[in-house]
Amino acid sequence: MTYLHNIGAYFLMIVEMFRKPTKWSVMKKLIFKDIDDLIIGSLGIIAFISFFVGGVITIQTALNINNPLIPKYLVGFATKQSIILEFAPTFTSIIMAGKVGSFITSSIGTMRVTEQIDALEVMGINSLNYLVLPKTIALFLYPFAIAIGMFLGILGGMAACVFGGYTSLEDYVLGIQTDFEAFHIIYSFIKTFVFAFLLATIPSFHGYYMKGGALEVGKASTTSFVWTSVVIILINYILTDMMLGS
Amino acid sequence: MIEVKNLHKSFSGVEVLKGISTNFEKGKTNLIIGQSGSGKTVFLKCLLGLFNYEEGSIAYDGKIFSQLTEDEKRNLRAEIGMVFQGSALFDSMTIAENVMFPLQMFADQSKSEMEDRVDFVLKRVNLDNAHNKMPSEASGGMQKRVAIARAIVNNPKYLFCDEPNSGLDPKTAIVIDNLIQEITDEYQITTVINSHDMNSVMEIGEKIVFLKDGLKAWEGSNKTIFKTDNEVVTDFVYSSELMKKVRQMYIEEKQ
Numbered sequence: 001m002t003y004l005h006n007i008g009a010y011f012l013m014i015v016e017m018f019r020k021p022t023k024w025s026v027m028k029k030l031i032f033k034d035i036d037d038l039i040i041g042s043l044g045i046i047a048f049i050s051f052f053v054g055g056v057i058t059i060q061t062a063l064n065i066n067n068p069l070i071p072k073y074l075v076g077f078a079t080k081q082s083i084i085l086e087f088a089p090t091f092t093s094i095i096m097a098g099k100v101g102s103f104i105t106s107s108i109g110t111m112r113v114t115e116q117i118d119a120l121e122v123m124g125i126n127s128l129n130y131l132v133l134p135k136t137i138a139l140f141l142y143p144f145a146i147a148i149g150m151f152l153g154i155l156g157g158m159a160a161c162v163f164g165g166y167t168s169l170e171d172y173v174l175g176i177q178t179d180f181e182a183f184h185i186i187y188s189f190i191k192t193f194v195f196a197f198l199l200a201t202i203p204s205f206h207g208y209y210m211k212g213g214a215l216e217v218g219k220a221s222t223t224s225f226v227w228t229s230v231v232i233i234l235i236n237y238i239l240t241d242m243m244l245g246s
Numbered sequence: 001m002i003e004v005k006n007l008h009k010s011f012s013g014v015e016v017l018k019g020i021s022t023n024f025e026k027g028k029t030n031l032i033i034g035q036s037g038s039g040k041t042v043f044l045k046c047l048l049g050l051f052n053y054e055e056g057s058i059a060y061d062g063k064i065f066s067q068l069t070e071d072e073k074r075n076l077r078a079e080i081g082m083v084f085q086g087s088a089l090f091d092s093m094t095i096a097e098n099v100m101f102p103l104q105m106f107a108d109q110s111k112s113e114m115e116d117r118v119d120f121v122l123k124r125v126n127l128d129n130a131h132n133k134m135p136s137e138a139s140g141g142m143q144k145r146v147a148i149a150r151a152i153v154n155n156p157k158y159l160f161c162d163e164p165n166s167g168l169d170p171k172t173a174i175v176i177d178n179l180i181q182e183i184t185d186e187y188q189i190t191t192v193i194n195s196h197d198m199n200s201v202m203e204i205g206e207k208i209v210f211l212k213d214g215l216k217a218w219e220g221s222n223k224t225i226f227k228t229d230n231e232v233v234t235d236f237v238y239s240s241e242l243m244k245k246v247r248q249m250y251i252e253e254k255q
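Protein sequence lines, in the order shown, are assigned to chains A and B.
One point on numbering: in full-length UniProt numbering, the residue at position 102 of the first sequence is 102, and numbering is uninterrupted.
One point on numbering: in full-length UniProt numbering, the residue at position 215 of the second sequence is 215, and numbering is uninterrupted.
Extracted from the complex, chain B is given alone in its bound form (with noise of 0.2 angstroms):
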């Protein structure tokens, strides 16, 4: 579980986020939704400590991530996976070689363990023949699962996505989705995803936090969402026609 409280972050004065407090519960995909420029993406950063905060805290399992000592930090971070929105793989390396790296980094494993670990979590993310590829003979929704199983290789407790569907056709950006969703129930990870994509709410929205203007402005799950009455969540969730339908249909069904 991941606590954060009262959490202020500034940049050359100007306040991007302003005091958010929220938990993320372990076993659960929990999404940070927000128009763009609302400070998700700092928050995700701030939360994996790649950004230092004004003010407020952050607790892994109840570790303060600022109270750690650089030791015990990087001993955090060996738990923590990522998938990037870009994928961010090593574009020198195989995906082999790729979801190896940080087994070769933190673990004592033998060669063979690694490519038995390899093995196992590439065939979990359904990609069994691409072990010599490079990254960039890999399409975009490929190239996410390899940053999913590079994120999930090293057994990690927490698993941070940002927008991990951005750029995917949407039946590719559901299976992304339910992929991470699986995991998350399987190993029991405490996942965060940054997303703006209302699939994705739909889909796997166990726990949902809504920034507006560096402020949490709701937070429920992908069964409460619909039923708001909050202006600022509904204007973001019914911005789209094909939504402002669904809302009718449901008002209609209601009635």
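For reference, chain A alone in the conformation it holds in the complex (with noise of 0.2 angstroms):
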């Protein structure tokens, strides 16, 4: 029962982020503030995670081909292929659900347990429009993010390739130029979509509706980032089914 209370005042809290909409001119500087504080802030990571775990991919895929029968550039392929279908989407959301969806649940619970958002509300101030709107439209750059990531990965396989003397970089240029199709940056960029909606509104979630103290500021950090993490997989697995499934 109480997981479907939560689902429900999950989605009550999505109608109720759209009515009495903050001033213009106030929702800009959150926005851009929030674009700094959760893509802006999030680029370093990225960039490292993605260029050494594609290097890592590559070197993988390199020592479990063995058969001379099988091209070298399938090395280059079989890289592309995971990190735009799969690492950098899926994966990179799982780790921004721990960075960047702890910060927004222990922000958001944090002005919670401080009375900020009561703050807020006796103003008359639409406290969800206020906190969670613009996290919510700051995280729609991050397809930009992801795009980054993607690239740096392949770099990360081909830098692997080079300098670990796997293949030889006309093969890994050529396996990731093999068998291309645009559907599949197209299917990636609309996972990466729904995921940062879902980064941005269920770290909200946890902290908006927290009760307690600073104890349970962490509780809800960490329990939005294991349901966050959770929804992302079957978010996954459900998008994968209807767009690449027969």
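No lab work stands behind these hints: they were computed from the structure.
Glycine included, C-beta positions come from ideal geometry on N, C-alpha and C.
Among the clues, some could well be false.
[Stated by the list, open to error] Simulated crosslink set (EDC-like; lysine to aspartate or glutamate; CA at most 20 angstroms straight-line): (1) B:K73 with A:D118; (2) A:K23 with B:D71; (3) A:K72 with A:D171; (4) B:K5 with B:E25; (5) A:K20 with B:E79; (6) A:K33 with B:D91; (7) B:K157 with B:E182; (8) B:K245 with B:E203; (9) A:K23 with B:D108; (10) B:K133 with B:E97; (11) A:K23 with B:E72; (12) B:K245 with B:E231; (13) A:K23 with B:E113.
[To be verified] With the Cβ distance kept under 10 angstroms, some of the chain B side facing chain A (calculated, not the full set): (14) G49; (15) L50; (16) K73; (17) R74; (18) G81; (19) F106; (20) A147.
Dock the two chains into a complex; use the hints.
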């Protein structure tokens, strides 16, 4: 029953988020601040992880292809497919559920504990619109961060391939050009948009409706990470089946 | 003026407010006092519209809150200032930005007009040179004064304070109490203060409502509270040794 109650409350929160809009001059500043906090502030970790995971995927693929009948360019092809289809949109989003999600839950949760949300409500401000909507809009730039992640992942694979001596640069480049399907990119960005919405709203829900003190803020951050990850994995499966399944 | 009639509020079947009726007058500091758990905070949150109540009515200058449309409620809330127990300052903003916040949200003023108004209210609460400090850099007393400045910056008709001097030393507490009373008198605001501090009762209790177990047990002022024979009130008022001595001196003086 609690799960059903929370799912209902989550959707009501989303509806409420669009009511009684905050003044545009104020909202604009909030959106830019959230872009800085949530997107620009995450680029470093996304770049670092993407580059090295791209390298690891390449090495593991190369080491598992021992058969001389399999062409060497397959290493580049497998790296590209893994990064574009799965690593960049999904695994990066799981990592962001930890980084961005915890930040959102703890900052909104602390505002709840210290009565700052009550202060907004008493002033007649729709606190959900003021706090959650700017984060949701800011995270619509998340696909740009993921695009950078894709590029650096493939670049990391190339660096590992060439400097590790697994294949030649020509084979790797041929691999990433082989069987290129634009729809895979579209599929990947559609997933990323959905994940961006989940990354903004699920942690906000856990922060906004938390009860208690400082200890509960920590618990809410952990719960928010778990639920955001679970929902991302489930939605990933559903979207993949819908868009790529036969 | 705020009129409360037969207010009932429950949580999970437990009745916390059991039919409270009272008036809070304009231009006066109205105190709600009582022990912890007597329903003071719930009562205040009902007055502010943060809690819905099952029965009764709250009227702000004749306008019954529950009968107002969403737009009317929003307009009414713009006329309310609130000082929270923990000040509830926005910790990502400077002191000046905190005070300017209600103006940015509701007032149609130019930036320089807003800055002038912020300067004026910060000066009014004796915080001339704190504009660029962050709330975390301010002392408890300063934070309370910033919260008062933020509450009055939009010229509210109603001011609510939840234990405004909790956690403050006695001297700073009196400064805060006097500041609230001066502002109430100066701008003719209807001020409602939630407190269990006897110093506040004596200093600024122009009207006092005493709550006990969700009921109004007594109503009066700082002039009458020490003369009452109501046992519930005397038990609360004279619970400390200091107050017992004050009462003894009062009785001896009378004899």
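Exercise. So which hints don't hold here, by number, going up?
Worked result: Of the numbered hints, all hold.
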